[in-house]
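Protein chains: 2
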Amino acid sequence: MKVRRSNRLIDMTKYLLDRPHTLIPLTFFVDRYGSAKSSISEDLGILKQTFKDRGIGIVDTIPGAAGGTRFLPSIPAAEAKAFVDDLKDALNDDSRYLAGGYIYMADVLSYPSTLRTIGRIMATKFVDQRIDAVLTVATKGIPIAQSIATNLNVPFVVAQHDSKITDGSTISVNYVSGSNNNVKKMVLSKRSLAANSRVLIVDDYLKGGGTVNGLATLAREFNCEVAGVSVLAEENFARREFTDQEYVSLVKVDIAKHITVSDGNFLKTVFNQK
Amino acid sequence: MKVRRSNRLIDMTKYLLDRPHTLIPLTFFVDRYGSAKSSISEDLGILKQTFKDRGIGIVDTIPGAAGGTRFLPSIPAAEAKAFVDDLKDALNDDSRYLAGGYIYMADVLSYPSTLRTIGRIMATKFVDQRIDAVLTVATKGIPIAQSIATNLNVPFVVAQHDSKITDGSTISVNYVSGSNNNVKKMVLSKRSLAANSRVLIVDDYLKGGGTVNGLATLAREFNCEVAGVSVLAEENFARREFTDQEYVSLVKVDIAKHITVSDGNFLKTVFNQK
Numbered sequence: 001m002k003v004r005r006s007n008r009l010i011d012m013t014k015y016l017l018d019r020p021h022t023l024i025p026l027t028f029f030v031d032r033y034g035s036a037k038s039s040i041s042e043d044l045g046i047l048k049q050t051f052k053d054r055g056i057g058i059v060d061t062i063p064g065a066a067g068g069t070r071f072l073p074s075i076p077a078a079e080a081k082a083f084v085d086d087l088k089d090a091l092n093d094d095s096r097y098l099a100g101g102y103i104y105m106a107d108v109l110s111y112p113s114t115l116r117t118i119g120r121i122m123a124t125k126f127v128d129q130r131i132d133a134v135l136t137v138a139t140k141g142i143p144i145a146q147s148i149a150t151n152l153n154v155p156f157v158v159a160q161h162d163s164k165i166t167d168g169s170t171i172s173v174n175y176v177s178g179s180n181n182n183v184k185k186m187v188l189s190k191r192s193l194a195a196n197s198r199v200l201i202v203d204d205y206l207k208g209g210g211t212v213n214g215l216a217t218l219a220r221e222f223n224c225e226v227a228g229v230s231v232l233a234e235e236n237f238a239r240r241e242f243t244d245q246e247y248v249s250l251v252k253v254d255i256a257k258h259i260t261v262s263d264g265n266f267l268k269t270v271f272n273q274k
Numbered sequence: 001m002k003v004r005r006s007n008r009l010i011d012m013t014k015y016l017l018d019r020p021h022t023l024i025p026l027t028f029f030v031d032r033y034g035s036a037k038s039s040i041s042e043d044l045g046i047l048k049q050t051f052k053d054r055g056i057g058i059v060d061t062i063p064g065a066a067g068g069t070r071f072l073p074s075i076p077a078a079e080a081k082a083f084v085d086d087l088k089d090a091l092n093d094d095s096r097y098l099a100g101g102y103i104y105m106a107d108v109l110s111y112p113s114t115l116r117t118i119g120r121i122m123a124t125k126f127v128d129q130r131i132d133a134v135l136t137v138a139t140k141g142i143p144i145a146q147s148i149a150t151n152l153n154v155p156f157v158v159a160q161h162d163s164k165i166t167d168g169s170t171i172s173v174n175y176v177s178g179s180n181n182n183v184k185k186m187v188l189s190k191r192s193l194a195a196n197s198r199v200l201i202v203d204d205y206l207k208g209g210g211t212v213n214g215l216a217t218l219a220r221e222f223n224c225e226v227a228g229v230s231v232l233a234e235e236n237f238a239r240r241e242f243t244d245q246e247y248v249s250l251v252k253v254d255i256a257k258h259i260t261v262s263d264g265n266f267l268k269t270v271f272n273q274k
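Here the protein sequences come in this chain order: A and B.
Numbering of the first sequence is given in full-length UniProt numbering, commencing with residue 1 and proceeding in unit increments.
Numbering of the second sequence is given in full-length UniProt numbering, commencing with residue 1 and proceeding in unit increments.
Bound-form chain A, shown alone (with noise of 0.2 Å):
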């Protein structure tokens, strides 16, 4: 039975955004519409051209009897921009403040519509680069490294601060919080993680920089290479002990009994170098 494009068009949408970085072949829409082949090519024009218009993302179309076509999620610069300055009107809150010098966030990740921005704006730095898995530790990152996760479309691992019994064999390391300068330990279960995997490791917040630093050790450690750091915010904070790694943050908190939020590096490292 022959489907008419307007029918097409919206269930293309659908599929592609169900499949980021997917190589999805031409033939498979051919025989899913009963449609000529020139007929899809003309659909994905038309995808193509409103998903860059509306700033949804790109419709990657490789030619040829390999090819097909890819949905890379993306977000616009002046969109991402806005979306900071929300999240810095959101958390520039004095009824924020937290004893000890912390910063209340939680709230502000349990929003799915802002989780899904958070995960579209960090999947844009990273949209052409290889991230075979996205790597973070319970609790708070988790949300985050989610959404970051279905836009690359890649598994997400989750370390734990101590192994439970659902986690089967695990692999542990032990890291000094660069904030107190305790050591800690992180643990992570054997088979989450594949060796030789390009990992991106996300938090909510970067302070000392000992969890990432964790996480990268515990990356090694799977005999992983670390592809790049991404946290919702960083802390304006002296003593950060990063040796070799870079890193993207969308906001810059300074806490001092008040709280004062400014851009973090991720607009000026990601919009402004392209």
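Just so you know, the hints here were simulated from the structure itself, not pulled from any lab data.
None of these values were measured; they are calculated from a predicted model.
The list makes no distinction among identical chains, and a pair is therefore deemed to hold if it is satisfied within one copy or across any two copies.
Straight-line C-alpha distance at most 25 Å; calculated DSS-like pairs for lysine-lysine:
no., residue 1, residue 2
1, 164, 88
2, 52, 2
3, 268, 88
4, 257, 164
5, 164, 252
6, 81, 268
7, 184, 164
8, 88, 252
9, 88, 190
10, 52, 125
11, 257, 190
12, 81, 125
13, 14, 125
14, 268, 252
Using the hints provided, position chain B relative to the given structure of chain A.
Just chain B now, with coordinates in the frame of chain A:
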């Protein structure tokens, strides 16, 4: 500038998919595309039919001045059944057996596409109920909670076993772990859940039911009502102590050195009653 139907349909699809359970006035699309109301109505008719034919979900149109269009994600019974069958095949694997009678499932919960479908299936059950928030406990329930919350477009909140500095003030409850009779504690940030919410409790694994009872107690401490309980897997466990809570599960696990995974009650409960 007028936008052509092809481009409108693609953009509307994306727009609706990103905003489940949200009423969007017709005039919003009229303004967005500079199109006549009659054209937008026709577009919505095409969307409605295609979403139905392709099993994407329901496009609901509410007439009148306060009306508009809502997208309600759902999944057809056949697609849900195929997914549950695949999940059973993946889990029916003795190499998943862990000492003490546990099952390794973390890998299943690391794939965004798997989580997306779990979320869509579970949201189908609650598509016509008022749910204000999804509640789970760290850590393995988080990705499932996020996926369901994304499909219902409500915030999800995460209880913890220990309170973290970044939670601020918390409310804690003690509960008895049904599977080993230990008394445990869980805490939830006071700011995270609004009073009088109808809460959907979500977890990855249901054994004795202690955790779900604990979450229900916690919900009541916040003056919230439990709207339902939804778990990925339940164990075939004799001594479950559920007082008044119905639940749905996608799969049921029998562990006795060998693992046997069969249907949970979801397909029967949700799709046979329709």
